[in-house]
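Engineer: Model the full assembly from the supplied sequences, consistent with the hints where possible.
Residues per chain are reported as follows:
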Amino acid sequence: MNFDAKPFLPFSNVENGLMHWLLVFGSFTGAIFAATILIALGIYGVSGPVAVMSRVRQGLHDFVNSSPKRIWAIAWLTIMEAVRRKALLVFVVFAFLMMFAGWFLDSELRADLQVKNAVSFALTTVSWLTIPVLLLLSCWGLPEDIRVRSIHTVVTKPVRRNEIVMGRILGFASIAAGIVAMMGAIGYVWILRQVPNNASLICRVPVYGTLQFLDREGNATDKGINTGDIWEFRSYIEGGTKASAAYKFPIDAPVDRIKLESRFEAFRTHKGRMGQSVLVRYVLVNSTKDLRVPLDSFEIKEFNLNEHYLERKLSFYDETRMDKRTVDLFDDVVDQNSLTIEVQCLDAGQYLGMARPDFFIRLPDRPFAVGYFKAVLGIWLLTVFIVSTGVTSSTFVKGPVATLLTFSLLIIGQGFREFMIKLITGVQKGGGPIESWYRLVTHMNDTLELPDNIGIKIMQSIDNFMLGGLWLMQHLIPDLSSFVMSPYVANGFDVPWNVAIFRSLAITIGYLVPSLLIGYYSLTLRELEAK
Amino acid sequence: MIEQLTAQQRKLAYLVGMVVLMLPIIVLGMPATDEADSGGMLAKLRQENDLGESTLGKVDPTSATMNLVLLGMRGVAVNLLRMQLDTQRDQKQWAQMRATTESVILLQPHYIQVWRYLGWNLAYNVSAEWDAVEDRYFWVKEGAKFLMQGAERNRLDPEVYWDTGNTLGKKIGRSDEWKQFRKFFKEDPDKERYDGGPDSEINPDRKDNYLAAKDWFLKANEKEEHHEQHIMMDCLFRSYPARSQLDYAEALQREGQFDETTRKAWDDAYHDWVDVFGQMRFQTGDCEIFMEAPASESAMEQIVSASGKDRSHVEREIDLYQNVSNYRFWRTKAHSEKQLNTTRVHSDLFEGEELFKKGDIDAAQEVLESGLGRFKIMLEAYKELGSDDSTMEEGLWGIMLWQKIYQLKNQVQPEVFPLKDLWEKELNRVPNLQQDFSRKYGSS
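Keeping their order, the protein sequence lines are chains A and B. Taken in order, the first sequence gives residues 1 to 531; the numbers are from our numbering. Taken in order, the second sequence gives residues 1 to 444; the numbers are from our numbering.
If you're looking for bench data, these hints aren't it; they were derived computationally from the structure. As the structure is a computational prediction, the values presented were derived from the model and not from experiment.
Where chain A lies over chain B, by a calculated footprint (3+ residues, C-beta under 8 Å):
{"hint": "1", "segment": "95–103"}
{"hint": "2", "segment": "176–186"}
Listed below are the simulated DSSO-like cross-link pairs for lysine-lysine, each with C-alpha atoms no more than 30 Å apart in a straight line:
{"hint": "3", "chain 1": "A", "residue 1": "LYS301", "chain 2": "B", "residue 2": "LYS179"}
{"hint": "4", "chain 1": "B", "residue 1": "LYS183", "chain 2": "A", "residue 2": "LYS271"}
{"hint": "5", "chain 1": "B", "residue 1": "LYS409", "chain 2": "B", "residue 2": "LYS425"}
{"hint": "6", "chain 1": "A", "residue 1": "LYS301", "chain 2": "B", "residue 2": "LYS170"}
{"hint": "7", "chain 1": "A", "residue 1": "LYS313", "chain 2": "A", "residue 2": "LYS248"}
{"hint": "8", "chain 1": "B", "residue 1": "LYS264", "chain 2": "B", "residue 2": "LYS383"}
{"hint": "9", "chain 1": "B", "residue 1": "LYS440", "chain 2": "A", "residue 2": "LYS242"}
{"hint": "10", "chain 1": "A", "residue 1": "LYS242", "chain 2": "A", "residue 2": "LYS271"}
All residues carry an ideal CB built from backbone N, CA and C; glycine is no exception.
Structural biologist: Put into structure tokens, the structure is as follows:
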């Protein structure tokens, strides 16, 4: 996992931020409003649009005059209903899993890998147990009330429809909060007991820099060499040449010493020295002062973190002056509030692989609980998203359909968005649905050219139309991957606010607002007598 | 009539009905206990045909539970897990990949190829991804442990037993890191955890890796008597315990050990090869043969009469099997190596090179000349070794060292020297060897 995703900047990033939301939300609301006006005009004449405007005004009035007391009353009713439906039995399953999970986790693995597995297991269990329960409760609640007509006891009270939707979402979100908090706390204690004696729970706070590669001739290049990895996350530099990777870190204020951590990967083209790992060296560079401070070389520990400290005073042998020198890290090496460190591989014929997040300045660690409970918060935010989608969809379709709809959103949002984007952008070979079907039945693989005839052209035109629909869906279905924060914690990192939490919070709120609107109007227009 | 019964009577009738219906279920489906001939008809049939979970090997209750939980969606779940496994491999998430491997195996505990593939993947592919030798060894162990677990869960199947032996033997003893791996097998690099000894899970008896592998190959052979294997020809499969003993003896020599232990190892290897493997019966289709049959006239006559084929046909069959397993060569090799003269050949050539490296070239010359002389005697006694690459290369290497000493001394080497015939006969091998030699000791 990349722990260095782009930060979420709500007010300055048009692609991901508030502007994008406003654009999509505004376009859809505008399109629906225009369509409704036109339909009303066509069916009822001039009185149609007047009625629509009156509904809109009523809606605004209802939202503005919502009563927190009534919302909470509905929420409380929802909580009681969930308890009555034995939602809390999920704790029994959780308890069983936690009691016996230790048996099935490999206790022979390296200590840090055991920690990783234990943390992943605890957080995955919390989310996998909570999400299905809340999904079912939120999708079946309203349809069931309508079916047994208990909804009449609510709607005949002085309560607005938007308050019902808001109350239900609040109620389920509260239930989710209770369950997630309780499970999270138990999971935390379980992790503490599960961690082997020789391992510790860490919550690193990294400061990442920018990365620039130099090739074997010493020229700047975007990427290093690919040594054959399918995953192009890391790029490699060749050992014993001028190739290097220059990391530039922002430095805020001078400190007594800086802790550096790296996680590089080695690739050998020959056996080299058996029993000795590939040698790496850091060189601190201040190009303004033409200063290069080489540090002691070290053997890399692969798939592990190599830790080094930079003291304030650095002594080294200056190869140009042929003399031993001492420099000050902040006065001499740091240049315009940034520290540049070149990474070199010293073994000729061997390669060193790295990506931007592989090397960082490690600020003082936070307590493990901080990162862990941020990940728990992420799970809760995801349940809030599910609850708001589930409750909204249950206002216009029946329970099973609402469940399918919400479940599909969840699955596509978490795992298939990338595939969808590949289809739309044409990166995924094989064409649209009809072309894929055609290739399947004619046994043509995706690299073969299609025949050039009118049938194929029609087929591709229909496919393009469908892919257009997919393009629209891609803008509507959220990217839920940021809600999954357990990999940060499992790998010993703090969950960054700007990358994970704010992004997830923004997605939750971003979908909550249209959900409330859709839920309100659907419930207002729905015939509650119909089963 | 039912309407005339009271509610209580109806309930009693239902109860009686349930008890009556339970009887055939008990007769048919009662599970077996540890006692022989226990259980219902189905349990007995399962036992008779070795179809029950318990007869296949150790049952993991979680795997059965998972199958139930998935309600027939096992194939889908396995596919998803395998896709996950591939992604984790590509993204080098080894800990998660190890955990996914366990999940896959929970769903396919008796699918032998899954055990074989995943065990190989851990021991060979994952270990090769790591740079530190200690880390590589850890993953070789993970692969071996995984295969051992597979053997335990599939105790009837010979293939996973063979794979375990192969990993302990070949992977540890033949990889680039064999020196370190063989040492780690007896003294695990995780000294703190294993108290300076071996990892007791893979080497509980503190044996050499090849001898531990031999034990697993012996178990594989035992299983193969009752269950067919699909890895290779029978005569190759069953030769592995003896081959492991041969590898053990060779490894001791490679490490420069030329004492009684090594000679005893070769003696045992000869016994395993000739007296055990050589006496094993193989069904060739037309007749039942064994490798050592040509050594005994009565045995040959017996095979000929039992098969009803003519003698030349039987001889051809035996020759084919001997060629496939390289039987005659290994018999000669083992016989030669257990002789004191051969031991001295290896020790002299090894010691000569060590002295050469230390710069004591006079002593090196003396020891090398002694070794080359003994080498000649060995070749005269065991002519078949003349076709063995490693034997020839060992002799040529000794000559090159001897020649190099003359160069260093600035002397002309004698026209006649002990292995001159060999040098002239094998001249085509010299250029390649000379390259290695020059890389190691510099060109002339």
